[in-house]
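From just these sequences and the hints, can you work out the full model?
Heads up: the sequence shown runs through residues 113 to 368, numbered per my numbering.
Check the hints yourself; a few may be wrong.
DSBU-like cross-link-like pairs, simulated, lysine-lysine; straight-line CA separation at most 35 Å [as the list claims (entries may be wrong)]:
| id | residue 1 | residue 2 |
| --- | --- | --- |
| 1 | Lys221 | Lys165 |
| 2 | Lys257 | Lys364 |
| 3 | Lys190 | Lys124 |
| 4 | Lys364 | Lys124 |
| 5 | Lys124 | Lys257 |
| 6 | Lys221 | Lys190 |
| 7 | Lys116 | Lys257 |
| 8 | Lys298 | Lys257 |
| 9 | Lys165 | Lys124 |
| 10 | Lys221 | Lys298 |
| 11 | Lys364 | Lys221 |
| 12 | Lys125 | Lys165 |
| 13 | Lys364 | Lys116 |
| 14 | Lys298 | Lys125 |
| 15 | Lys116 | Lys165 |
| 16 | Lys125 | Lys221 |
Estimated spans, in silico, between C-beta atoms of each pair [as the list claims (entries may be wrong)]:
| id | residue 1 | residue 2 | range |
| --- | --- | --- | --- |
| 17 | Thr300 | Asp361 | 34 to 42 Å |
| 18 | Ala352 | Asn268 | 16 to 24 Å |
| 19 | Lys221 | Thr342 | 49 to 57 Å |
| 20 | Arg340 | Pro180 | 37 to 45 Å |
| 21 | Pro210 | Ser150 | 30 to 38 Å |
Think of the hints as simulated: they come from the structure by calculation, not from any bench.
Heads up, the beta-carbon is just placed ideally off N, CA and C, and yes, glycines get one too.
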Amino acid sequence: MTIKLVNEVREKKPLIHNLTNEVVMNFSANGLLSFGASPIMAMAEEDAADIAKLSNGILINIGTLTEPHLRAMILAGKAANEQGVPVVIDPVGVAATPYRTEAFNRIIKEVQPAAIKGNAGEMAHLIGVSLETKGVDSVGKGDTKSIARQVASRFNTIAVVTGEVDVISDGEEAVTNETGHEWMGKVTGSGCLLGSILAACLTTTGTRLEQACAAVRFYGLAAEKAARHTSVNGPGTFAARFIDALAMDLTKLEEG
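Here you go:
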C-alpha cells in the first residue's frame, strides 16, 4: 500500500499549501519537491483562503505563530473544508504557552482536520494529559497508543504521534511505525516536513489511516537510507542525503 500511495502522489503532483513556521519553509519546500508534490507558502490572510481553494492539501503549523498568521490559518482551513481539501494540523509547542493552546483551540473550533500530527507531549496536551515538554520538544514518556486513540476520537481525525516509535490511529486501530533515525531529531524542520508529506499523502486514494501510515513509514525509511550513505558523518550531511532519499522509490529505500 505504501508504494501505491507514494507513486500516486508522484503521478498527481498535488499542490500543498503550507501555512508553516518561518524556520522551516525552505526545508519543507525542498522536501516536498523531492517527494513529488508541489509546495506553496502563502501566509497573508488576504489570500490564504484563495490559495487554499486552489490547493490539494493544507498544512497548518503553529511553530512561529503570530496573530495575522493565525487568522490566515483559520481562513485557509475553513476554505479547505468547504472544498473537501484535506487539512493537517501540527500543533507545534502547543503545551509551551497559554497562547499556543488558545491558538489551537481557535483553529480546531472552526477547522476540521483530516489529521493532527505532533510529538507525544503536544498530543497529550490536546486531551488534557500532562506530559513533560521542553519548548517544542517532548521529553516525557506516556502511553502513546492511548494518546493517539484519544486525540483521534476527540477531534474525529487521524492522529499521528511521533517519537522513537510512531503511532497512527483513527480512534480505534492504533498502528505503530519503527522506521526512522535518531538524526531526524537533530535537523530543524524534520518533524514539520513530515506534516507536509502527510498532507500530500492525504490527497491519494485509500483510507485516511492507510494514507497516514504510508507517509510515516516512507518518511522513516528515507531517514534510514540517508543515514546509511557513506558520505554521511552527522546531522548536517544527513539532512542533504535525506532530501535525496525522499525522491527514491520504496524498493530503493528498503535496500540494506
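Status of the hints after comparison with the structure:
At most 35 Å may separate the alpha-carbon atoms for a hinted pair to count; Lys221 and Lys165 meet this at roughly 20 Å. For the hint pairing Lys257 with Lys364, the CA-to-CA distance comes to about 30 Å; that is within 35 Å, so the pair holds. Of the pairs offered as hints, the one joining Lys190 and Lys124 holds, with about 24 Å between alpha carbons and a cut-off of 35 Å not exceeded. A distance of roughly 21 Å separates the Cα atoms of Lys364 and Lys124; the hinted pair therefore holds under the 35 Å criterion.
Our distance criterion of 35 Å between C-alpha atoms is met by Lys124 and Lys257, whose separation comes to about 32 Å. Using a Cα cut-off of 35 Å, the hinted pair Lys221 and Lys190 holds, with the two alpha carbons roughly 10 Å apart. Restraint check for Lys116 and Lys257: satisfied, since their Cα atoms lie roughly 26 Å apart, inside the 35 Å limit. A C-alpha spacing of about 25 Å is found between Lys298 and Lys257, which places the hinted pair at or below 35 Å, so the restraint holds.
The hinted pair formed by Lys165 and Lys124 meets the criterion: a straight-line CA distance of about 17 Å does not exceed 35 Å. For the hint pairing Lys221 with Lys298, the CA-to-CA distance comes to about 33 Å; that is within 35 Å, so the pair holds. For the proposed pair Lys364 and Lys221, the alpha carbon gap of about 42 Å is over 35 Å, so the pair is violated. About 16 Å separates the Cα atoms of Lys125 and Lys165, which keeps this hinted pair within 35 Å; it holds.
For the proposed pair Lys364 and Lys116, the alpha carbon gap of about 15 Å is at most 35 Å, so the pair holds. The suggested pairing of Lys298 with Lys125 holds, with an alpha-carbon distance near 29 Å, which does not exceed 35 Å. The hinted pair formed by Lys116 and Lys165 meets the criterion: a straight-line CA distance of about 26 Å does not exceed 35 Å. A C-alpha spacing of about 30 Å is found between Lys125 and Lys221, which places the hinted pair at or below 35 Å, so the restraint holds.
A hinted range of 34 to 42 Å is violated for the C-beta pair Thr300 and Asp361, which are about 27 Å apart. For Ala352 and Asn268, the hinted distance range of 16 to 24 Å is not satisfied, since their beta carbons lie about 39 Å from each other. Take Lys221 and Thr342: their Cβ atoms lie about 50 Å apart, and the range 49 to 57 Å holds. The hinted window of 37 to 45 Å between Arg340 and Pro180 holds, with their beta carbons roughly 43 Å apart.
About 36 Å separates the C-beta atoms of Pro210 and Ser150, a value consistent with the hinted range of 30 to 38 Å.
Figure legend: structure checked against the earlier numbered hints; hints not met, in rising order: 11, 17 and 18.
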